[in-house]
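A.B. asks: Once you know that position 164 of the sequence shown is 164 in our numbering, the rest is easy, because the numbers rise by one and skip nothing.
These are computed hints drawn from the structure, not numbers from a lab. One or more of the hints may lead you astray.
[To be verified] DSBU-like mimics (lysine-lysine), calculated; alpha carbons at most 30 Å apart, straight line: (1) Lys38 / Lys143; (2) Lys169 / Lys143; (3) Lys169 / Lys38.
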Amino acid sequence: MGFLDALLGRTKPVKPNLDQLFGLPSAAITLEAAADFKPTGIGSVCFAAAEGGAFAQVQQDVQALLDADTERGGVPVESTRDSYGYTWLTSRHSADDIVSLVNDVHAINTALESTGFGPQLLCSLVNFTDSRNRSLALVYLYKRGSFYPFSPQQGGGERRDNALELQIKAMLGDDLRIEQDLTRWFPVWGAPGL
């Protein structure tokens, strides 16, 4: 970072560190102990699909790799497109197997990044729920290298439970790199499993 960058308030962009995803099992233990939130077994990766055969081949290869898990009792990866035009690859495991879920999410991100499609990656989610049926996702922002909690309010509509999100932020500071800029906590309406 140069003198002009400092003077003008510009900062260096944070590099993605996909290994931070491996902090999610620890965060899940904290969430269950402190807030009664348990993993649902659903995780997903959101990206802007690129045109062309190379990207389609990478997406097929990722699905084939993770679908091979079905021979060992896993569930095939689902591909969906949301109303905003983004593609979601969703992995499902038993609720008590968050390690395998995180491995799938990491594998999807790594495959896209290593083949040059990292700029298309938007975010990754691992979903949780509590005994009152409140939904929560821990969202990893690929381009920021940080996490934030997202909790849609019960009853439908596009409203967030901001108080719960701030509580979760305070709980997970030791487990995950939490995004401090709250304006970066984008809603992920319609995300699989929420």
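A.B. asks: Run every hint past the structure and note whether it holds.
C.D. replies: Hints, verified against the model:
1. At most 30 Å may separate the alpha-carbon atoms for a hinted pair to count; Lys38 and Lys143 meet this at roughly 27 Å.
2. Between Lys169 and Lys143 the alpha-carbon distance is near 19 Å, which keeps this suggested pair within the 30 Å criterion.
3. At most 30 Å may separate the alpha-carbon atoms for a hinted pair to count; Lys169 and Lys38 meet this at roughly 16 Å.
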